[in-house]
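All chains should be built: construct the whole structure from the sequences, respecting the hints.
So the protein sequences, as listed, match chains A and B. Using the numbering used here, the first residue of the first sequence is number 1, and each one after it goes up by one. Using the numbering used here, the first residue of the second sequence is number 1, and each one after it goes up by one.
It cannot be assumed that every hint is accurate.
To be verified - Okay, the calculated bits of chain B under chain A, using three or more residues with CB under 8 Å as the criterion:
(1) 11-23
(2) 41-48
(3) 73-81
(4) 84-93
Read the hints as simulated data drawn from the structure, not as lab findings. The C-beta atom is built at its ideal place from N, Cα and C for all residues, glycine as well.
There are 2 protein chains.
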Amino acid sequence: VAELSEAAIRQRLDDWPVARLATIAPDGRPHQVPIVFARAGAALWSPIDGKAKSGGELARVRNVRAHPEVSLLLDAYDEDWTRLWWIRLDATARVVQPSRHGRAPTPVGQATPSGDAAFEAALLALRSKYPQYRTVPLLEGQPTLLAFTWSHVRSWHAA
Amino acid sequence: VAELSEAAIRQRLDDWPVARLATIAPDGRPHQVPIVFARAGAALWSPIDGKAKSGGELARVRNVRAHPEVSLLLDAYDEDWTRLWWIRLDATARVVQPSRHGRAPTPVGQATPSGDAAFEAALLALRSKYPQYRTVPLLEGQPTLLAFTWSHVRSWHAA
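Right under this line is the structure:
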């Protein structure tokens, strides 16, 4: 089994533009969706569109609340099969709600709460990684984020 | 919600080169892996490397035997977010074993059993879709295949 180096994994967790998130649906089936994400601190962060959905909360958010254990897959398809690779994270997902983050400025002389600091760092990382957010309004206002921390990494690349 | 047309879905199920398969692992977590696949008849077919693995059967095969309900995701990432799309199939997976398919030629005048015919059509579809199999020996001999039929299709594309 050919695993990727730790450096290669780290770089792709920083740079790769897309992952596929698998969660468990209420009926016990697996559910998948492609996501964008950025690394900040020890977590990967993915934004949820803040607009109200006709069906209520997005399935991935509902699923994660009930079953926080998820899978994240990064991979590249290439017609040259000697260039194939994937990285799979067994991760725990957390829904980070905008309502927890007030709009009031942090009082002078008071340390920024670590939760807010992590949230702001995540937004910064997402805006920095994806220039698309300059024109896509998703990250304006107070978006909901999913935060993923992982316990296990598996990787593979073609020999 | 912008869904893809039936024609667009059909074409991508025929032509798109990669899908992500999510299964349920024995511990209840979701598990993902990128797969190649080809459509033949009413199913999508994906080959399993026939070589013995040090860890026994591949996780996806073990998982599917215990939990046949899976998710298949086709999607394209593009830096131009107006070009994003995905197709998600709620599918049932079946492990089709080479041992069921004898090497003896079909007796003259006897109809090919439908199971064998479907298996051969699947191999043909895989070889036709992926010229890589001319040099990758995976489909030589009697490979194990996963056959996916689906009950529900969801799709989305950026407006």
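Now the hints, each set against the structure:
1. 11-23: With 5 residues closer than 8 Å to chain A, the region 11-23 of chain B meets the three-residue bar; holds.
2. 41-48: violated (count 0)
3. 73-81: Coverage by chain A holds here, the residue count being 5 at a Cβ distance below 8 Å.
4. 84-93: Answer holds; 4 residues pass the 8 Å Cβ test.
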